[in-house]
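S.K.: Residues per chain, in single letters:
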Amino acid sequence: MQGNRVIGEAAIRAGCRFYAGYPITPQNELTEYMADNMRRVKDGTFIQAESEIAAINMVLGAAAAGARAMTSSSSPGISLKQEGISSLAADELPAVIVNIMRGGPGLGNILPSQGDYFQATRGGGHGDYRTVVLAPASVQELADLTMDAFDLADRYRNPVLILADGMMGQMSEPVEFSEPAPREYPECYVLNGMGKGKSKFIRGLILDAIRMEEHNWKLYRKYQVITQKEVRFETFWTDDAEILIVAYGTAARIAKGAIKRSREMGIPVGLIRPITLWPFPTEVIRSFAERVENFLVFEMNTGQMVEDVQLALGGIGKVQFYGRPGGVIPTPAELAKVIAYHVRKK
Amino acid sequence: MIRKTIFAGFGGQGVLMMGYIYAHAVMNEGYHVTYLPSYGVEVRGGTANCTVAVSDEEIASPIASEPDYLVVMNKPSLYTYQNRVAPQGSIFLNSSIIDTSPTRKDLNIHAVPAGDMAGQLGNPRVLNIVMMGSFIKKTGLITPEAFLKGLKQILGEKKKSAMEINRKAFAAGYELQI
Numbered sequence: 063m064q065g066n067r068v069i070g071e072a073a074i075r076a077g078c079r080f081y082a083g084y085p086i087t088p089q090n091e092l093t094e095y096m097a098d099n100m101r102r103v104k105d106g107t108f109i110q111a112e113s114e115i116a117a118i119n120m121v122l123g124a125a126a127a128g129a130r131a132m133t134s135s136s137s138p139g140i141s142l143k144q145e146g147i148s149s150l151a152a153d154e155l156p157a158v159i160v161n162i163m164r165g166g167p168g169l170g171n172i173l174p175s176q177g178d179y180f181q182a183t184r185g186g187g188h189g190d191y192r193t194v195v196l197a198p199a200s201v202q203e204l205a206d207l208t209m210d211a212f213d214l215a216d217r218y219r220n221p222v223l224i225l226a227d228g229m230m231g232q233m234s235e236p237v238e239f240s241e242p243a244p245r246e247y248p249e250c251y252v253l254n255g256m257g258k259g260k261s262k263f264i265r266g267l268i269l270d271a272i273r274m275e276e277h278n279w280k281l282y283r284k285y286q287v288i289t290q291k292e293v294r295f296e297t298f299w300t301d302d303a304e305i306l307i308v309a310y311g312t313a314a315r316i317a318k319g320a321i322k323r324s325r326e327m328g329i330p331v332g333l334i335r336p337i338t339l340w341p342f343p344t345e346v347i348r349s350f351a352e353r354v355e356n357f358l359v360f361e362m363n364t365g366q367m368v369e370d371v372q373l374a375l376g377g378i379g380k381v382q383f384y385g386r387p388g389g390v391i392p393t394p395a396e397l398a399k400v401i402a403y404h405v406r407k408k
Numbered sequence: 006m007i008r009k010t011i012f013a014g015f016g017g018q019g020v021l022m023m024g025y026i027y028a029h030a031v032m033n034e035g036y037h038v039t040y041l042p043s044y045g046v047e048v049r050g051g052t053a054n055c056t057v058a059v060s061d062e063e064i065a066s067p068i069a070s071e072p073d074y075l076v077v078m079n080k081p082s083l084y085t086y087q088n089r090v091a092p093q094g095s096i097f098l099n100s101s102i103i104d105t106s107p108t109r110k111d112l113n114i115h116a117v118p119a120g121d122m123a124g125q126l127g128n129p130r131v132l133n134i135v136m137m138g139s140f141i142k143k144t145g146l147i148t149p150e151a152f153l154k155g156l157k158q159i160l161g162e163k164k165k166s167a168m169e170i171n172r173k174a175f176a177a178g179y180e181l182q183i
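Residue numbers (the numbering used here), protein chains in the order written: chain A, 63 to 408; chain B, 6 to 183.
The shape of chain B in the complex, shown without the other chains:
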């Protein structure tokens, strides 16, 4: 079994954080995992992406030429990556700002109004964790508890206070009917 996911969006939307927490959580569950961020010539407000590969055996390439899952937080990322998704794969999109549908018709599309939901929770910055709630539920690879454990480790002691709002955000995404 190998599952590859590309997370993509604007810099500042917590795109790398989504991938990093996910990678950390699946590592705790005993899987082989690689996390590869885009790096270098990035600019503020530009695009960011990362790739997470999860497998029960050694992972050859951390790059996803045909990801099983695509999580996109903005429109340019949808356009860039939708054609790479493996047949019968899934796209999770932030429908708060992506107002178009993917052109691919063979995929499972999960529209999550992550931006709006985070706003309603009182902190628009947690949109990435809302999205991860839906992602973890639909992909079913790890339990919500495992993800929250990973999240807690990444936030660490310093940001203990942030855990509450993140927990709410995750629950909102997880319970969303999509």
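So that you can see chain A by itself, here it is in the shape it has in the complex:
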């Protein structure tokens, strides 16, 4: 099944009942799938919005009303959604946003790229906030992480971003959908009428400085909890590795291919694959530095996650970078040559 459609199916199975979107390649099949399949479920709503901005604000409204809500787009469209994502974070509302990245900046092109790492992991919009960022590397993981994204969004009342690229969205692979966990969330915020209780309100405009500061620290404490509890990563062939590649998503897949080739040539190389880009597996990478000196960060951009790896290592070890931006997808053979080059140089 195709990656884009898998996200849609996983979302519906996870209880997503509101989707608003605006077409953009290479994520169109997701919007199409939702148009076709939201009517399958009771209370399902699909809206093709008049713009990306409208779509994210519709999602904000649906989230405030208690729905599991999702929107999706690709890089330029995600830029347009940032104001709404910032508001979701300020309002502490759960929502899932899918970014099937393409080449940039600007309108760029429609090919797979990882140029939006900074935007995704630094919040993206204005203000002092973070979004949980999940980076799937296979169609199966698209399904699993989409379901998890809704749970994480509910658990922390925070927007969750699924960051994949055009290749993940367009590619088909076999997939098995797991049974989603029942939804658990604090209904206290849901704007469904006050009933006999107190009146409810959700707001992102806090004019008083002290109250705003309190709100910022409250969010900060929440992000600290997420950082402690939700880090996810995969390691591959790291046990005896003398050089470690750090890569995520499509780049991590290519890295695995390159590692297999390198191992056949006797080069002891392994992979650390962050699955959550925020929170970043800082501690994991730092602990590897106790016995591995050489790190090679591989991204389909000109060097973004490499800064997080350098921060994690704090000056210990050597960090090299290899990147192919603009929609170029390097081959495992190409990366294997880069690995061999760095090993020789060492």
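It cannot be assumed that every hint is accurate.
[To be verified] Heads up, simulated SDA-like pairs for lysine to any residue below, C-alpha to C-alpha not over 20 angstroms straight-line: (1) A:Lys258 <-> A:Ala127; (2) B:Lys157 <-> A:Pro236; (3) B:Lys154 <-> A:Lys258; (4) A:Lys322 <-> B:Ile64.
[Said to hold, decoys possible] Here are a few chain A residues that sit away from chain B, every Cβ distance over 12 angstroms (derived from the structure): (5) Gly189; (6) Asp216; (7) Lys262; (8) Ser349; (9) Phe383.
Please keep in mind that the hints were generated in silico from the structure rather than gathered at the bench. Here the structure is a predicted model, which means the values were calculated and not measured. Built from N, CA and C at the ideal position, the CB exists for glycine as well.
Given chain A's structure and the hints, the job is docking chain B onto it.
M.R.: Quick look at chain B alone, frame taken from chain A:
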């Protein structure tokens, strides 16, 4: 074991369908498989292509820089992709409209007059399935029954009536001596 195939031709020749059915069929047989279509800035009458990777282990890249097999339905696709085929690889070409030979001499060339054969069967649209008949026979990775099962699943209930002509087309390609 990993086998990568590029399918390429004009939009409308069923190029993506060939790859998709093949991917589906090998999935049923328990292989790891990726299917990656060309997408986006395509135009009607322009070129279409897709890549299918089949392996008995996890697949790193769904892209084929050196495909083992190339299936080309028109001349421009032959020119575009022939130099990428891995040494000792194979090219399957639709000889009904490709009137030139590949310049590569180290490859196995299988000329299948898929367009003409489909026409003789009474439905020129099934040229892609004729081609797949020959492809499945020569590559030998899956049985014809496995392919037809995949085909049936993709066509689904809606196009049940189309199954008969497709079955004939597949058999014609499979039985062709090339």
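S.K.: Now, for every hint given, state plainly whether the structure supports it.
M.R.: Here's how the hints hold up against the structure:
no., hint, result
1, A:Lys258 <-> A:Ala127, "18 angstroms, holds"
2, B:Lys157 <-> A:Pro236, "17 angstroms, holds"
3, B:Lys154 <-> A:Lys258, "60 angstroms, violated"
4, A:Lys322 <-> B:Ile64, "11 angstroms, holds"
5, Gly189, "34 angstroms, holds"
6, Asp216, "32 angstroms, holds"
7, Lys262, "44 angstroms, holds"
8, Ser349, "26 angstroms, holds"
9, Phe383, "20 angstroms, holds"
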